[in-house]
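Throw the hints in and build the complete structure from the sequences for me.
Protein chains in written order, with the numbering used here: chain D, 10 to 89; chain Y, 10 to 89; chain V, 2 to 139; chain F, 2 to 139.
No lab work stands behind these hints, which were simulated from the structure alone. Accuracy of the hints is not assured; some may be wrong.
Claimed, not checked - Coverage of chain V stretches by chain F, computed from C-beta distances (three or more under 8 angstroms per stretch; other residues unrestricted):
#1 8-21
#2 65-76
Stated by the list, open to error - Straight-line distance between alpha carbons at most 25 angstroms, and here's what the computed BS3-like set of lysine-lysine pairs gives:
#3 D:K43 with F:K59
#4 V:K125 with V:K59
#5 V:K59 with V:K73
#6 V:K87 with V:K73
#7 F:K117 with V:K73
#8 V:K87 with Y:K35
#9 F:K59 with F:K117
#10 F:K117 with F:K63
#11 D:K43 with F:K125
#12 V:K63 with V:K117
#13 V:K117 with V:K87
#14 F:K125 with F:K73
#15 F:K87 with F:K117
#16 V:K87 with Y:K43
#17 F:K87 with F:K73
#18 V:K87 with V:K125
#19 F:K73 with F:K117
#20 V:K73 with Y:K43
#21 F:K125 with F:K87
#22 V:K73 with V:K117
#23 D:K43 with F:K117
#24 V:K125 with V:K73
#25 F:K73 with V:K117
Please read these numbers as outputs of a predicted model, since none were measured by experiment. Note that CB positions come from ideal geometry on N, CA and C, so glycine has one too.
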Amino acid sequence: MQLQLIAYGIARDIFGHSQLAFSLKKGQSVAELKQALIEQYPEFDRLASLRFAVGEEYRSNDYTLSENDEVVIIPPVSGG
Amino acid sequence: MQLQLIAYGIARDIFGHSQLAFSLKKGQSVAELKQALIEQYPEFDRLASLRFAVGEEYRSNDYTLSENDEVVIIPPVSGG
Amino acid sequence: MINVQLLDIPLSVDNCLQQVQDDGAGGTALFVGTVRNQTQGRSVVRLEFEAYAPMAWKEMHKIAETVTTRWKALHVSIHHRTGILKIGEIAVVIAVATPHRQAAFEACAFAIDTLKETVPIWKKEVFEDGEVWVAAHP
Amino acid sequence: MINVQLLDIPLSVDNCLQQVQDDGAGGTALFVGTVRNQTQGRSVVRLEFEAYAPMAWKEMHKIAETVTTRWKALHVSIHHRTGILKIGEIAVVIAVATPHRQAAFEACAFAIDTLKETVPIWKKEVFEDGEVWVAAHP
Numbered sequence: 010m011q012l013q014l015i016a017y018g019i020a021r022d023i024f025g026h027s028q029l030a031f032s033l034k035k036g037q038s039v040a041e042l043k044q045a046l047i048e049q050y051p052e053f054d055r056l057a058s059l060r061f062a063v064g065e066e067y068r069s070n071d072y073t074l075s076e077n078d079e080v081v082i083i084p085p086v087s088g089g
Numbered sequence: 010m011q012l013q014l015i016a017y018g019i020a021r022d023i024f025g026h027s028q029l030a031f032s033l034k035k036g037q038s039v040a041e042l043k044q045a046l047i048e049q050y051p052e053f054d055r056l057a058s059l060r061f062a063v064g065e066e067y068r069s070n071d072y073t074l075s076e077n078d079e080v081v082i083i084p085p086v087s088g089g
Numbered sequence: 002m003i004n005v006q007l008l009d010i011p012l013s014v015d016n017c018l019q020q021v022q023d024d025g026a027g028g029t030a031l032f033v034g035t036v037r038n039q040t041q042g043r044s045v046v047r048l049e050f051e052a053y054a055p056m057a058w059k060e061m062h063k064i065a066e067t068v069t070t071r072w073k074a075l076h077v078s079i080h081h082r083t084g085i086l087k088i089g090e091i092a093v094v095i096a097v098a099t100p101h102r103q104a105a106f107e108a109c110a111f112a113i114d115t116l117k118e119t120v121p122i123w124k125k126e127v128f129e130d131g132e133v134w135v136a137a138h139p
Numbered sequence: 002m003i004n005v006q007l008l009d010i011p012l013s014v015d016n017c018l019q020q021v022q023d024d025g026a027g028g029t030a031l032f033v034g035t036v037r038n039q040t041q042g043r044s045v046v047r048l049e050f051e052a053y054a055p056m057a058w059k060e061m062h063k064i065a066e067t068v069t070t071r072w073k074a075l076h077v078s079i080h081h082r083t084g085i086l087k088i089g090e091i092a093v094v095i096a097v098a099t100p101h102r103q104a105a106f107e108a109c110a111f112a113i114d115t116l117k118e119t120v121p122i123w124k125k126e127v128f129e130d131g132e133v134w135v136a137a138h139p
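In structure tokens form, the structure reads like this:
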């Protein structure tokens with residue numbers, strides 16, 4: 010399935026794009042997306058944390074992704 | 010000895026003056042001044058607290074007063 | 002740096018904050034106290050704050066010194082209003098800047114708690130039909 | 002009442018405070034966070050705050066809702082800056098008005114702690130010779 014990945018902050022620097030289509034097997038979870046990203050961009054594994062949001066909500070590792078999901082890659086936040 | 014009493018807030022209302030000379034025996038303490046005041050103005054005994062200051066500092070019950078001391082009567086504070 | 006003021010003009014939160022601004026501060030906590038109707042069921046016309054000014058200033062300064070020492074505050078500013086206030090006006094502003102933000106909250110809470118116990122300032126509520134010195138009686 | 006803002010213009014503490022003013026409040030606690038040089042020994046030219054805006058707003062709103070429920074806050078206002086800031090400029094202002102003042106401090110401390118963990122906003126320090134996303138690496 011195709012996902013639309015959106016990257017902010019250092020995730021964008023690592024990913025090299027602010028938005029990019031990304032392919033994953035149908036029915037795969039956030040954990041599997043994370044794994045696939047780290048394999049392709051090992052720099053992601055060096056971050057203090059790596060979270061993902063779908064529909065403007067953080068999604069846990071076992072969240073199942075769907076075709077055309079817009080997934081936002083959320084590196085360690087530093088607001089405030 | 011003569012003291013100069015200064016009264017703020019409700020203490021002034023009870024005392025009837027903002028400043029007044031007050032006589033006490035030589036060498037008497039804050040506790041004795043308090044006692045003398047309450048005898049003369051029983052309303053003071055109904056306050057939630059009654060403190061005294063000399064030289065812009067709170068003085069404890071055993072503080073010995075001196076001739077011509079300027080003693081400020083401090084009823085319950087309610088700043089803030 | 003310590004800044005203590007007893008003012009009979011409206012207080013400015015921004016002014017109080019400016020006194021404690023510091024590039025080295027991890028955070029600044031503020032407390033803003035506004036006057037409200039303390040006596041339920043009676044309508045307050047106005048409030049009057051009376052201070053034994055030199056000692057009030059001194060006691061506020063002591064609080065600021067304690068905050069500086071105990072919480073390693075970089076800057077402490079305490080501004081208290083006197084005179085006649087309308088309901089909703091600001092009576093007190095306390096600002097504390099510390100290197101670590103948790104300390105700023107604790108220090109600010111300590112400062113307002115202590116101010117309410119030790120600083121010789123009295124609040125009178127004036128009603129249509131009388132007046133009351135707040136907290137005078139148990 | 003909850004007021005959440007994500008602004009690319011300078012924040013006003015007075016404005017944030019006005020959002021929470023209430024005659025029924027026993028006290029209002031505020032937190033003001035200014036940007037500082039986080040990386041010791043290197044001189045920061047400027048800071049840039051980037052937000053995933055819709056979700057940042059939503060997460061700030063969640064914090065305000067939690068504060069309202071858990072500390073019975075009357076009003077909560079959270080304003081966060083985005084864009085380019087100079088050292089010393091205000092990045093965040095949080096104001097909480099509660100019936101009892103101790104709750105205001107606790108709620109305000111909770112709000113800034115949670116904001117720093119959950120709100121998708123990122124701070125980049127720009128130096129003469131490079132840049133760093135703050136807190137990105139362990």
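Tested hints:
Restraint check on the stretch 8-21 of chain V versus chain F: 4 residues with Cβ-Cβ distances below 8 angstroms, three needed, restraint holds. A stretch counts as covered by a chain when three or more of its residues have a beta carbon under 8 angstroms from one of that chain; for the stretch 65-76 of chain V and chain F the count is 0, and the coverage is violated. About 24 angstroms separates the Cα atoms of K43 of chain D and K59 of chain F, which keeps this hinted pair within 25 angstroms; it holds. Between K125 of chain V and K59 of chain V the alpha-carbon distance is near 22 angstroms, which keeps this suggested pair within the 25 angstroms criterion.
Between K59 of chain V and K73 of chain V the alpha-carbon distance is near 20 angstroms, which keeps this suggested pair within the 25 angstroms criterion. For the suggested pair K87 of chain V and K73 of chain V, the alpha carbons sit about 36 angstroms apart, so the restraint of at most 25 angstroms is broken. With a C-alpha separation of about 23 angstroms, the suggested pair K117 of chain F and K73 of chain V falls inside the 25 angstroms cut-off, and the hint holds. Under the criterion of a C-alpha separation no larger than 25 angstroms, the hint pairing K87 of chain V with K35 of chain Y is inconsistent with the structure, at around 46 angstroms.
For the given pair, K59 of chain F sits about 14 angstroms from K117 of chain F by alpha-carbon distance, which is consistent with the 25 angstroms threshold. Using a Cα cut-off of 25 angstroms, the hinted pair K117 of chain F and K63 of chain F holds, with the two alpha carbons roughly 13 angstroms apart. Of the pairs offered as hints, the one joining K43 of chain D and K125 of chain F holds, with about 24 angstroms between alpha carbons and a cut-off of 25 angstroms not exceeded. Proximity of K63 of chain V to K117 of chain V is assessed by CA-CA distance (about 13 angstroms); at most 25 angstroms being required, the pair is judged to hold.
Restraint check for K117 of chain V and K87 of chain V: satisfied, since their Cα atoms lie roughly 20 angstroms apart, inside the 25 angstroms limit. Restraint check: the Cα-Cα separation between K125 of chain F and K73 of chain F comes to about 35 angstroms, which exceeds 25 angstroms; the hinted pair is violated. Straight-line distance between C-alpha atoms of K87 of chain F and K117 of chain F comes to about 20 angstroms, which keeps the hinted pair within the 25 angstroms bound. Proximity of K87 of chain V to K43 of chain Y is assessed by CA-CA distance (about 35 angstroms); at most 25 angstroms being required, the pair is judged violated.
Between the alpha carbons of K87 of chain F and K73 of chain F the distance comes to roughly 36 angstroms, so the proposed pair goes past 25 angstroms and is violated. As the CA atoms of K87 of chain V and K125 of chain V are separated by approximately 12 angstroms, the hinted pair is consistent with the 25 angstroms bound. Restraint check for K73 of chain F and K117 of chain F: satisfied, since their Cα atoms lie roughly 22 angstroms apart, inside the 25 angstroms limit. The straight-line distance between the Cα atoms of K73 of chain V and K43 of chain Y is roughly 39 angstroms, outside the 25 angstroms bound, and the hint therefore fails.
The hinted pair formed by K125 of chain F and K87 of chain F meets the criterion: a straight-line CA distance of about 12 angstroms does not exceed 25 angstroms. Of the pairs offered as hints, the one joining K73 of chain V and K117 of chain V holds, with about 22 angstroms between alpha carbons and a cut-off of 25 angstroms not exceeded. Note on K43 of chain D and K117 of chain F: the hinted pairing holds, with a Cα-Cα distance of about 23 angstroms set against a maximum of 25 angstroms. With a C-alpha separation of about 35 angstroms, the suggested pair K125 of chain V and K73 of chain V falls outside the 25 angstroms cut-off, and the hint is violated.
With a C-alpha separation of about 23 angstroms, the suggested pair K73 of chain F and K117 of chain V falls inside the 25 angstroms cut-off, and the hint holds.
The structure fails hints 2, 6, 8, 14, 16, 17, 20, 24 (numbered hints given earlier, in ascending order).
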